[in-house]
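Visitor: Sequence:
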Amino acid sequence: MKPFYSVEAMISSEGKNYKGTLDFYDTKCVLHNPTRVIEEFEYELNTAEFESGVTTVLFLNLYTKEKSYIQIHSKAQKSPMFIIDDDKIGDTVNILKNKKEQNCSNKPKSENAAVTPVKQRSQETAKRVEVHNETAISKFTHNPYSILGIASNSSLSEANEALAKIKKLDRLKAIGSYKTDFKLAGFDVVVRDLPMCQNAIALIKELKHKWFWFDSADACQNWQFDWYREPFVSNNPETWTYDVFLAQYLSLLCFDSGMSRRQDWYDIFAFYQYVVDGRHVDFLRTKLNKDENTKYSDQDLIENFSENIFSPLNDVIESAGIEAMLSFFRSIRMDRFSAMKEYKRNLGGIIAQWFVGQEKIIWESIESLIGTGELNSTSTSIVREAVKIYDEKVQPVYENTLAALTKEPLRAEMVKSSYAKVMRQVMILLLAGNCKAEACKHANYYYKYADKEFKLKMISTFGVESISGASDDLPELMKETPKATPEKPMVTGDKFEDITICEATSMLPRIDFCGLIFNGRTIGIKFWLINRTGIELKFWLMDINVNGIYCGSTEIIATVEDGEYDFYTYELSLPENVRYSAVEKIDFYVEVDQPGNQTIHDTDVLKVKCNTGKRIFSARY
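Numbered as in our numbering, the sequence shown ends at 1925 without a single skipped number.
Hints are not guaranteed to be accurate.
In silico DMTMM-like links for lysine to aspartate or glutamate, alpha-carbon gap of 20 Å or less [stated by the list, open to error]: (1) 1648 with 1717; (2) 1392 with 1534; (3) 1392 with 1370.
Derived from the structure by calculation, the hints contain no laboratory data.
Required output: the full structure, derived from the provided sequences and hints.
Guide: Here is the structure:
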């Protein structure tokens, strides 16, 4: 007996998801796949009730999705929640209710109550693909297997057989009539010539091309259709095949150039995680022929797959524009997929390189004008136009980029360095072209990255009120920078003048030594720390000597977030053979590290003399 209605569905049981076809009969419904019956539920259609709603489904123990379901109530029993696509759940409920009404009335339905017909797969037509990124899609359309018109797991003899056919057609000047079932629906027919096909024979020896082609002609014809890709979207590894994964990936690359279908991208990453971290290499081995299966180890396959599979995605991201890059970078929570962490770092590199690329573009326009002195009207126009183009592209996304790269400090530093370099130079050139107002605007962009000397120059040129934040900084900027602090008479803490042992710049924090604190048994070393570098910094006390006795190479003072400033006190641990009352000399220096414990600055050694009994001290460096 044939079912009166069928639909793709899924059930979730004991943390696992099972996908198949759900067939409805008058007395039961059966969920099955090609190999087994997954679930069977008996009911009386004439008295059954049909409940629909939304439930939360866990996939791969990684993340959840809200999915639509239908549940059947009959004979005081409830069926499992059959999870059905949102665009099909309404049709399913209507068909069941109409069938129930028809059975109860035993009359044909009126035209107004007609059952929504089930879309026949054979009636579907693939839509023509408008290629937005030729580089990305060419990895599929101009794949050597596509050119030869063969499966990705074809043997070398099968490839040579295809080439032989092409050669015969070439001799007849009829190569354009070459027929193959392995043609991507929606794309133009591959324009072949003999050299291209001969080259394809050589290229199929490279493993990377297999990841971007199908094993079956069915996949080539049906990759666009939801019903074909549904087993992958279910996130049930039991229903996955590499061809279905590749169909979903190609669909996203073609039809989601703005990368807005975040959940679908999660599914791609989930597959990658499953294969790479779970070492489910069986998916990859379906791409190999018999000879290749013995040639490549599991590690060979995983490494090659990992190295190449996201290259089309990189192409799409790079061409999508910086705003799309940032949106994708921020919104796709790749941290849930451990295998994707390296890819996210690479994506941060792509974003940083975009800024470097914009710097290169403006440099090509203005480099010849640097150092030429006062600019004429023509040169000034060149500078203004170049600056306009740069500003329109960079300024709207600059701060958002730094925010996105908070956990990528090296990338963030690359972006800041590139930006600051450009702002400084265009400010100078605009001044040389008598465009003071525009120069002042860019002086404000550059100000926080400038060192003390250059900040004073900008204030002198534009006026303290024209530079945001300058009035607050001016008292500090006017202080003399101590190059070498002479030893002064010992003083108490309240009479001690702080010694600046590191001057603040765009890349460095400010560090002041604020004296010693005597507690009767312990000695505290007090610092004033200011971090405005854009990244989190760690401050370490290094090579500590007490009375000439070495007592420690590394002691943490503080971890200071960007924008934070405060007093910090380190409590000195004395050597076992040195009493508190006997401490006379303390020597040390301060090391500054960025995330990853990478050192960016070491201060000079600070030498402190003290008398713990009188609670006085002096210092120099």
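Visitor: Are the hints correct? Go through all of them and say.
Guide: Status of the hints after comparison with the structure:
Pair hint residue 1648 plus residue 1717 holds up; C-alpha atoms about 17 Å apart against a cutoff of 20 Å. Taking the CA atoms of residue 1392 and residue 1534, the gap is near 12 Å; set against the 20 Å cutoff, the hint holds. This hinted pair checks out: residue 1392 and residue 1370 have alpha carbons roughly 15 Å apart, not beyond 20 Å.
Violation of the numbered hints given earlier is absent; every hint is satisfied by the structure.
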